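Colleague: Listed here are the chains, written in short residue letters.
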Amino acid sequence: MQNQNPILISLSELKIKKIIMEFNSQFILDTLPALSLLGFGLIVMLLDAFKNEKITSVVTILGILISMLLAVPGVVIPEEIRLTFYNQIYTGGLAGLIHILLCLSGLLSVPFITDYLQKNNQTHLQGEIFSLILFSSVGMNLLATANDLMMTFIGLEIMSVSLYILAGSFKKDLRSNEASLKYFLLGAFASAFLLLGISMVYGMTGTTMLDRITTIDPNLIKDKFPVLFYPAIALIAIGFLFKLSAFPFHVWTPDVYTGAPTPLVGFMATGSKMASVIAFGFILNSLLPQSGDKLSQVIAILALLSMIYGNIVAAQQQNIKRLLAYSSISHTGYMLLGVAGGPEGYKAAIFYMLIYTFMTIAAFALISSIENKEEDLNYQNWSGLGVKNIAFGLIMSILMFSLAGFPPFAGFIGKYFVFLSAVKGGFVVHAVIGILTSVVGAYYYLKVLVTMFFEKPKDNIQPKTLKIRKNILIPIMVLALIIVIIGIIPAPISSYLDILYGKAGFLAKL
Amino acid sequence: MLVQEYLYGYLAISIALFVIGMIGVLTRKNAIIVFMCVELMLNAVNLFLVTFSRYYNDPAGSMFVFFVMCVAAAEAVVGLAIIIALFRNKQDIDINNFNLFKW
Amino acid sequence: MDIQNLLPLVVILPFTGAAIIGLLGFLSPNFRKQEGLIGGLAVAMVAIPFVIYLIAFLNFDGKPLIFDLFSWMETPDLKIRFSYELDELSLIMGMIVTGVGSLIHLYSISYMHGDKGYYKYFLYLNLFIFAMTNLVLGDNLVVLFLGWEGVGACSYFLIGFWFKDMEKAKAAQKAFVANRIGDFALLTAMFLIYSTTGTLTFREFLYIGYDPVTLKWICLLVFIAATGKSAQIPLYVWLPDAMAGPTPVSALIHAATMVTSGIYLIARMSWMYYNAHEVLAFIAIIGALTAVSAAMTAIAQNDIKKVLAYSTVSQLGFMFMALGAGAFTTAIFHVMTHAFFKACLFLGSGSVIHAMEHAHAAPDPQDIRFMGNLKKYMPHTSKTFFISTLAIAGIPPLAGFFSKDEILGKTFAAGHENTIYYLVWFIGICTAFMTAFYMTRLYVLTFEGKERFQYQRTHDEHAHHEHDDHHHEPHESPAIITIPLWILAILAIVGGFLGLPEIIGHGHYNWISHHWLGGGGSPLVKNITLHASFFTEIILIVLSIAIGVIGVSLAWKLYTTQGLQGDEVVKSKLGGFYKVLQNKFYVDEFYNAVIVRPFVFLSDRFVMFLDKEIVDGAVNGAADLTDITGGIIKKLQTGLIQNYVLIMVCGVIAVIAYLML
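Residue numbers (our numbering), protein chains in the order written: chain W, -13 to 496; chain H, 51 to 153; chain B, 33 to 693.
There could be a bad hint or two in this list.
[As the list claims (entries may be wrong)] In silico SDA-like pairs for lysine to any residue, Cα to Cα no more than 20 Å straight-line:
# : chain 1 : residue 1 : chain 2 : residue 2
1 : W       : K374      : B       : K152
2 : B       : K415      : B       : N307
3 : W       : K456      : B       : G54
Calculated from the structure, these hints are not laboratory results.
Note that the structure is predicted; figures quoted are calculated from it, not measured.
Whenever a hint applies, use it, and build me the whole structure from the sequences.
Modeller: Next up, the structure:
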C-alpha cells in the first residue's frame, strides 16, 4: 500500500477519462476572450517572422478589440459570474468586465508604442513587442479571473515574464538592459515568495481551489497549523504588493520606469497593477472571509508608508519618468487604502486603477512625444514649453491636475471613493494622513506646470521636437477627454461596477 | 501516506533550501549565480509542494510542481537572454556594477 | 413640442458651442480663419436658448420648470446634482443674459474682426454664457457656485485677453483677487447653510426657520460675496480696471450680466433676507455710498470706458439700495433696464473707440478730450448713445426713469420703518442728479461741440504719403454693429413700460413687480415696504423728473457752450474736491496707506518677526522637512540590486512579524 503513488491512484480511478468527457465546446466559448488574445499574439509573431511587421500594430489593435468584444455579451446583460474550465477560472459578468478593463491598457498603449518605435527607428521590434503585449494581457486575464491558486501563479508569471522582456526591448540600450535585469531578478525573487505562500496555503488546506478554500473555517486552519497560517497569508500578500509596487516592495519601480522605453512604461504600470489588485482583493477575500483585521491593518500601514514615501521622494525628482514612478508608488498607496477598507473598497480600488490607467498611459505617451535624448526628460528643461506648445501644455495640465486629485478631473473622483471607503472601513487617521500627503503630491505636480508655464524659456536646453505628432495627438486628446468626462460624470461607471459586483457571487455572502 | 512527525522534517528542509537561496541572492555578485539562487528558491517550494501532496495523498500538489518547473524554465530562458544582452553591451555581469539609476 | 424637452438645450448649447469652437480652433488653423463660421455658430448657440426661454416664458403657467442634467456624485451623505429650475426670476435673468448676450455676440463678429485670438474670444464668450446660465438657473448653491466661479474665470480670461499688455494682465489679476475674497465668503455661507440644514437646494433651505444669529451671518456672508462680484464698496476697485478687456466684453460681463449676479443671488435668497432687517439696512447704506461715490468719481474721468465703468458701479449701487429697501422685484427691474441702456452705451463706446482707433486721430482712442462732434461722422452711434444717455439720466418715458423712480420711491417709503432709509433716499436723489450730469457731459464731449482731434483728409495733398492709410476720417461702424445698438436703444426706450409707477392704477399696470415677480408662485418676496401715499408719490415723481431734467440741461448748456472748458467751471465750483474726484477718491492710495503701508510697517517690526520666524518658519520648515527627509530617504534607492533585495527581505520579515505577534 505504501508504495502506491497518489497520482497513480487517481489515474486508476478513471479520472482522466472523466476529465476528457467533461471537456466540451462550452469551455472554449467561455475562455474565448483569453484564447483569442493568445491566437492573435501568435499571429503577430508569425507576421513578424514573415517580415510583415508594418501591419502588426493594426492586427494587435484588432485582436484586442475582438477579444474585448467577445467578453461584451456577458457584460452588457450583467449575468452571474461563474466558474469554467475545470473550475479553474471565472467567466461572464464581472469577469468579462475585468477582461475588458485589462485589455484597455494594451489597447491604449499600442498607438503610442508604434509611434515611439518609428521615431527611434526601431520598427523591427514591433512584432515582438506587440506579441508580448498580447501574451501579457492573456496573463493578466488569467491572473485576475483565476479560481485556482496555480492558475494565479501561472497567470502572474505569463504576465511578468512578458513584462521583463518588454522592459528590456531596446536591446542595444544599456538603460533598457539594466531596467530589465532589475525587474527580472527582483520579480523572480518576489514570485518565489508568492509561490511559497501558495504552497503553504495548499499545505494547510489540501487544495489550491479558492472556492473550496473559502468554505474552510480559517480558525480551524489556524489551530491546526499555527506556524504556517500568517506567513502564508503574508507571503501571498507580499507577492502582490511587489507587483503593485507598495513600500517597501517598490524598489524596482523607479529604476524600471526610468530605464524602460517610455510608452511601454505606460503599459507596464497599468495593466499589471490592475490585474494584481483585482486578484489580490479576490484572494484576500477567499482566504480571510471575515477575520481580515490584522492583515487589513498591515495593508493600511503599508499604504500609508507608500503614500508618504512616494510623495516625498517624488518631490525630489527631476526626471519626469522617475517622478511619475515615485508618484505611482503613492498612487498604489491610495489604492491599497481602498483595499484595506474591505469589499466596498475593492470597488473603489478598481475604479481608482481604471482612472489611473488612463492618466498614466496618457502621461507617458505625452512624455514620449517630446523625448529625443535623456535630458529631455528633465522637466526643468521644459521652461516655457506650455506656452510654446499649447497642446502639450494643456494636456499636461489636465493630467497633472488629475493626478494631483483636483476636481473636476477623474483623479479626484478616484481619490474621493477610496478615502470614503477607507473611512467607512475605520481607517480615519490613515485617510487624513493620505489627504495630507496628497498635498505634497499637488506640490510637485504643480511644480512641473509652473516650470512649463511661468518660467522663461531657455532655448539651448529645450527638447528639440515640440510638436506632438498627429497620429498620437488624437489618442492622447481622447484620453484627456475621458479623464475630464469621468471627472464630470462618474456616476454611470461607478454604478455599473456596483451592479456587476452585486452579481458576483464571491462578494454576495459578505 | 506521510506521517505528521516526518512532515515537519521535510518542511524544515525545504524552508532551509529556500533561505539558502535567499541568502545566495543577497550575497552573490554574479548575475547568473544570483539567478540560480532564485531557481533554488523555486525548487525549495517544489519540495514543499510535493511534501504536502504526499501528506494529503492528493495529486494536485504534484501537478503544481510540473507547472512551477515549466515556469522556472521559461524564466530561465528569459533571464539568460537578458543577462546575455547586458553582457553584450557592457562585457560585465557583476550586478553591483549596474546602477545607472539611483535616488 | 413639449417645452420641457427643449429646456436642457439652454444649458447644453452654449457649452457645445464653446467646445466645438475650442476643439476645432485648437486643432485646425484653417478653422481659425473662418470668422463668419465661428461668429455665426457662437451667436446661434446663444440665440437659440433665447428663443427657448421666450417660448417657455410665453407658456409659463406659474409652475417652475425643473430639469435634471445628471448627478455628479451621489453618496448617502452628499448629493450633488446638476439640476436646474426655471421660475419667474431665473426666466427673466436667462432672457436678459441670452438676449443681450446674443446681441453682443453679433456685435463682436465685426468688432473682433481680424483679431489673432478670434476663435478664443468666442470660445470664452460662449463659455461665459454657459457659466452664467448655470449661475441663474441652478436650483442649488453648488451649481450656482460653479457658475459663479465660471463667470469669474471667463471674465478673468477676457479681461486679460490681449495678454501681452502688462497692464491688462494686471487688471485681470486685480479682478481675480477681489473675486477670491467674495468666493471665500460665499463658500463659508454655503458651509453654514449646509451644516444647519443639510441641503444646498434653494427650495429646500430657503423657506425654513433659522435662528437669527445664523441667519444674520449667512445673509452677511452672501452679501460680501455679492459685493465682490457686483463691485460694491469695498471690493469695487476691480471693475474700473477690468475695462482693459475688449469693449463688448465690458458690455456683456461688466455691465449687463455678470456684475448683476450678486443682485440676483440676494434676490434669490430674498426669503432669508426678509427676516434680517439689520443686514438689509446695511446693504442699503453700502449701496447708497457706492452709488454716490462712483457717480462723483465719474464726473472727473476722461476715459470714455472709465466713465461708463463708474456709472455701472453707481447703478449697481442703486440696485443694492433697492434690495436694501426690501424692494427685490424693483432691483431685478433695474437689472433689466440697466442691461439695456448700459449695454447700448458700452457698445456705442466700442463703436466710437473703433472709429477713433481707425482714424489714428488722437493719442488715446478712449480719451473724450480728443473727441467731439462725432455725431457728424457716426449718426447711428450718436443717436443710440443719446437715447441711452437720457435713459440712464432718468428722463421719462425712457426705461431708466421708471426703474430708478421706483427704487427711490421704495427707499423713501421704507423710511417709515427706519429713518436711515430717508438718508439713503437723499443720497439716491443726489446720485440721480450727478448721473444725469456726468452722462450728459460724456455724450456732449464725445458727440457734440467742436472736433478736438485731427486727421488728415484723404483729399489732402499728402494723400500719397506713405502714412496715408493711417489717417482716415472716423466713420460709422457697419450695420452688424449698429443693428444691435438700435435694438438695445429701442429696448431702452420701451423697457420701462413693463414697470409703470404705482400712481397709475395702484400698481396694477406695473407688470414686472405686480404680475410677474410679485405673483403667487414667485420665488421673490413681494416688495415688503409700505406704499407711500398718493400725494407723496406724485411729489417724488416730479422731484425725480426735475432732478433728471436739471442735471441734463445743466450739463448740456455747460458743455455745448464751453466744450472742455466746462470741466474748468466744474473744477472751480468744486475746488480742491475735484482733484479728489479725479483721483477716484484716492481709493487706491487709501488702500495703499491704510492696508499696505501699515502692513509693511507692522511687518517690519512685529509681523516680520512673526512671519519670518514663525509662519514662514513653519511653512519653510515643512518644505525643508520634506526636502531633507526626501533627500535622505531617497538614498534608500541605491541602484544596487542586492540592497533592493535586502529592503524587500526586511519588508517580508516585518510583515510576517507584525502578523504573527
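Colleague: Among the hints numbered above, which are violated by the structure, and what are their numbers in rising order?
Modeller: Hint 2 alone not satisfied by this model.
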